[in-house]
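Can you make the complete structure from the sequences, with help from the hints?
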Amino acid sequence: MTDQAYNFAYLDEQTKRMIRRALLKALAVPGYQVPFASREMPMPYGWGTGGVQVTAACLTPEDRLKVIDQGADDTTNAVSIRKFFERTAEVETTEHTAEASVIQTRHRIPEQPLEEGQILVYQVPIPEPLRFLEPRETETRKMHALEEYGLMHVKLYEDIAHNGAISTAYAYPVKVEGRYVMDPSPIPKFDNPKLENAAIQLFGAGREQRIYALPPHTKVVSLDFEDHPFEASKADHACDLCGCGTSYLDEVITDDAGGRMFVCSDTDFCATRQAQGHRGALSPQEEYA
Amino acid sequence: MTPLLSVQGVTKHYGARLGCGNVNFDLWPGEVMGIVGESGSGKSTLLSCLSGQLAPDAGKVVFDTRAEGPRDVLTMSEPERRMLARTDWAFVHQNARDGLRMGVSAGGNVGERLMAVGARNYADIRAQAIDWLGRVEITEDRVDDRPRAFSGGMQQRLQIARNLVTGPRLVFMDEPTGGLDVSVQARLLDLLRGLVREMGLSAVIVTHDLAVVRLLADRLMVMKGGHVVETGLTDQVLDDPQHGYTQLLVSSVLQV
Ligand SMILES: Nc1ncnc2c1ncn2[C@@H]1O[C@H](COP(=O)(O)OP(=O)(O)OP(=O)(O)O)[C@@H](O)[C@H]1O
Ligand SMILES: [Mg+2]
Ligand SMILES: [Zn+2]
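In order, the protein sequence lines correspond to chains Y and V. Just so you know, we're using our numbering here: the first sequence kicks off at 204 and counts up by one. Just so you know, we're using our numbering here: the second sequence kicks off at 944 and counts up by one.
Keep in mind that the hints were calculated from the coordinates and are not lab data. Quick caveat, the model's predicted, so the values are computed rather than measured. It cannot be assumed that every hint is accurate.
Quick list of simulated restraints, FRET-style, between CB atoms [to be verified]: (1) V:G1095 with Y:V282: 51 to 61 Å; (2) V:S1094 with Y:A240: 42 to 52 Å; (3) Y:H420 with V:G1137: 47 to 57 Å.
Even for Gly, the Cβ is constructed at its ideal location relative to N, Cα and C.
Here is the structure:
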């Protein structure tokens, strides 16, 4: 059921045009943070209002939308955003990565390689990768303009000095097309190599009013040191449900006696593999006997 | 020989009030220039104008760059000026907090300038940081400590190491020993003098303290009300001051 009081995808056309202009600019200058006039959305900031506004500006009635939260389609956050667009845009939705034309994500890139024509929209809490060491916005803007990125390596240096290795595991900074340093949002660094793909990737930060983007096949390099090279690490384990040895895993506590299992964080990927007959160490036996 | 820095007619007003007026001097390679004067006489204003942190109303600040020879710093593009500021120049602030990253380890503070100019080998950066900490008498076991855990004198020495690690040719210092205990001051001065001589640094040092210039400066400029009232070799000016104000300054210090 549609609520007639709303324009298509909730935002009014003028606002969507404003956001699209910011998106085009962001795509023209990959990795550059474009300011935009973020609107109040009928959900709190922590719920991805930046991503929701970007999705709203991209959606057409023919689109098929997928929404994931840390890889899962069925968390409260993902479900409520999906419902929001079902109601305000009447678009079809799906849980299958391959079937979606627009995917809004919080903190993951799907395991299934993205294809040309797909749009991946990231929810971004803090867009500024330099903020950790330089809180002044005027100064960070200047650093981007002048390509003064030594500070990013100071952050990695501190990591190694205090932890013996680069311990940054999420929001691992990248350099885009040899120019702008960008925060890929809090995806695990395991996902960083997947930032180079065939889809259009759009990043929306609602509270901070910034949009940035990666056009298809943009070169994205994770920062590192010669003697401490970047590693896209994950738990050294296979999925206990589908047996996949190369997917990003969540550790799940199964009982209060210390029982635990590792499962794909990408629920669609895991379910698809199981449907194809793949099994993991803890898959129920009887059903498939 | 070309002066390393040639200051010509530098003038800065704050609204109607004069910060500094028509200052001229040449600084030669390896030379240390001291600037003394009472509070409000325009020392910090002048230093900020020379180091590109403040745009003067008039004048030229010509620096002998490595690549292109003498260039007016004030008409350089901002990227060029900022590049100069983190390679060939150094700025030691009176308050170490203004010149350090308090949330970053001592090693990270020293390494920052190296990384800023492209160093990408962790072990090399760390080795250079430790070497420089040693040169300012901070032991290796403090390399991962944050400056917050350091005394005022140590913070100031760390700031100096952080500035000198890229081998700058010109160092600006604003009251480098201000706010420190007398005994700590003496040690810092000793250290600074050693480094200046050893590295053949050129420097412009602003201070209230005539003992600092006596020890470090080859030449001296005395400022009052934004103007330079006397200039000359340090010993000459201090031992035989010509201007009435300098005489007052020297005698008041000697009486204490
Ligand atoms: N930001 C500012 N705005 C307005 N006036 C200023 C500003 N900074 C300095 N002044 C004025 O300019 C004059 C020179 O000040 P400056 O700070 O250069 O003196 P100084 O010699 O460094 O003094 P001190 O020894 O106290 O550090 C003073 O009259 C001061 O009040
Ligand atoms: Mg001052
Ligand atoms: Zn799985």
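Hint by hint, here is what the structure shows:
1. V:G1095 with Y:V282: 51 to 61 Å: Holds, at about 56 Å.
2. V:S1094 with Y:A240: 42 to 52 Å: Check passed, 49 Å falls within 42 to 52 Å.
3. Y:H420 with V:G1137: 47 to 57 Å: Taking Cβ atoms as reference, H420 of chain Y and G1137 of chain V lie about 56 Å apart, which means the hint holds.
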